[in-house]
Amino acid sequence: MAIQRILIVDDSPTERYYLTDILVKNGYSVSTAENGEEALAKIKADKPQLILMDVVMPGANGFQVTRAISRDPDLQDVPVIICSSKDQETDRIWGLRQGAREYLVKPVDAAELLAKIAALSAAG
Numbered sequence: 001m002a003i004q005r006i007l008i009v010d011d012s013p014t015e016r017y018y019l020t021d022i023l024v025k026n027g028y029s030v031s032t033a034e035n036g037e038e039a040l041a042k043i044k045a046d047k048p049q050l051i052l053m054d055v056v057m058p059g060a061n062g063f064q065v066t067r068a069i070s071r072d073p074d075l076q077d078v079p080v081i082i083c084s085s086k087d088q089e090t091d092r093i094w095g096l097r098q099g100a101r102e103y104l105v106k107p108v109d110a111a112e113l114l115a116k117i118a119a120l121s122a123a124g
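Quick note on UniProt numbering: the sequence shown kicks off at 1 and runs consecutively.
No lab work stands behind these hints: they were computed from the structure. Since the structure is predicted, the reported quantities are computational estimates derived from the model, not experimental observations. Even for Gly, the Cβ is constructed at its ideal location relative to N, Cα and C. Treat the hints with care, as some may be off.
As the list claims (entries may be wrong) - Between beta-carbon pairs, the in silico distance windows are:
1. Lys-25 <-> Thr-90: 32 to 40 Å
2. Gly-59 <-> Gln-88: 18 to 26 Å
3. Gln-64 <-> Pro-13: 18 to 26 Å
4. Ala-45 <-> Ile-93: 30 to 38 Å
5. Val-24 <-> Glu-89: 27 to 35 Å
Unchecked claim - Pairs of lysine to aspartate or glutamate residues, derived as EDC-like cross-links and limited to a Cα-Cα distance of at most 20 Å, are as follows:
6. Lys-116 <-> Asp-77
7. Lys-42 <-> Asp-74
8. Lys-86 <-> Glu-15
9. Lys-25 <-> Glu-37
10. Lys-44 <-> Glu-15
11. Lys-42 <-> Asp-91
12. Lys-47 <-> Asp-72
13. Lys-106 <-> Asp-11
14. Lys-25 <-> Asp-91
15. Lys-86 <-> Glu-112
16. Lys-106 <-> Asp-91
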């Protein structure tokens with residue numbers, strides 16, 4: 001399944017703009033959420049094909065939201081790529097344990113992000 005619709009979840013307007021810009025220029029349809037609660041509402045209303053998830057946000061953090069997605073039978077097939085400034089190996093392992101398919105460290109490299117999305121599209 002080719003990925004077209006992507007939800008970006010990040011409390012930073014700058015980060016949302018940066019990621020949206022990369023994705024839109026490459027032909028993706030993008031929606032955004034500023035926190036975990038808004039993300040879950042948007043995911044249930046209009047299921048995206050991929051989620052880019054920040055970790056450090058007000059309210060539920062990205063690990064908690066990723067876990068909620070991966071445990072929900074209606075949502076667990078939506079891949080999550082965590083995009084976080086937390087760059088420790090333990091953070092990466094924890095993120096993957098919560099159900100994320102990939103873990104990228106900010107600032108996210110555009111080429112690496114696009115390659116991960118292409119790989120997930122091909123695997124889907």
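Evaluation of the provided hints:
1. Lys-25 <-> Thr-90: 32 to 40 Å: 34 Å, holds
2. Gly-59 <-> Gln-88: 18 to 26 Å: 23 Å, holds
3. Gln-64 <-> Pro-13: 18 to 26 Å: 22 Å, holds
4. Ala-45 <-> Ile-93: 30 to 38 Å: 32 Å, holds
5. Val-24 <-> Glu-89: 27 to 35 Å: 32 Å, holds
6. Lys-116 <-> Asp-77: With Cα atoms ~16 Å apart, Lys-116 and Asp-77 stay inside 20 Å; holds.
7. Lys-42 <-> Asp-74: Answer holds: Lys-42 to Asp-74 is near 13 Å, not above 20 Å.
8. Lys-86 <-> Glu-15: 15 Å, holds
9. Lys-25 <-> Glu-37: 28 Å, violated
10. Lys-44 <-> Glu-15: The hint is violated at about 23 Å.
11. Lys-42 <-> Asp-91: At roughly 26 Å apart (the allowed maximum being 20 Å), Asp-91 and Lys-42 break the hint.
12. Lys-47 <-> Asp-72: 12 Å, holds
13. Lys-106 <-> Asp-11: 14 Å, holds
14. Lys-25 <-> Asp-91: Status violated; Cα separation ~30 Å.
15. Lys-86 <-> Glu-112: 17 Å, holds
16. Lys-106 <-> Asp-91: 13 Å, holds
In summary, the structure is inconsistent with hints 9, 10, 11, 14 from the numbered list given earlier, while agreeing with the others.
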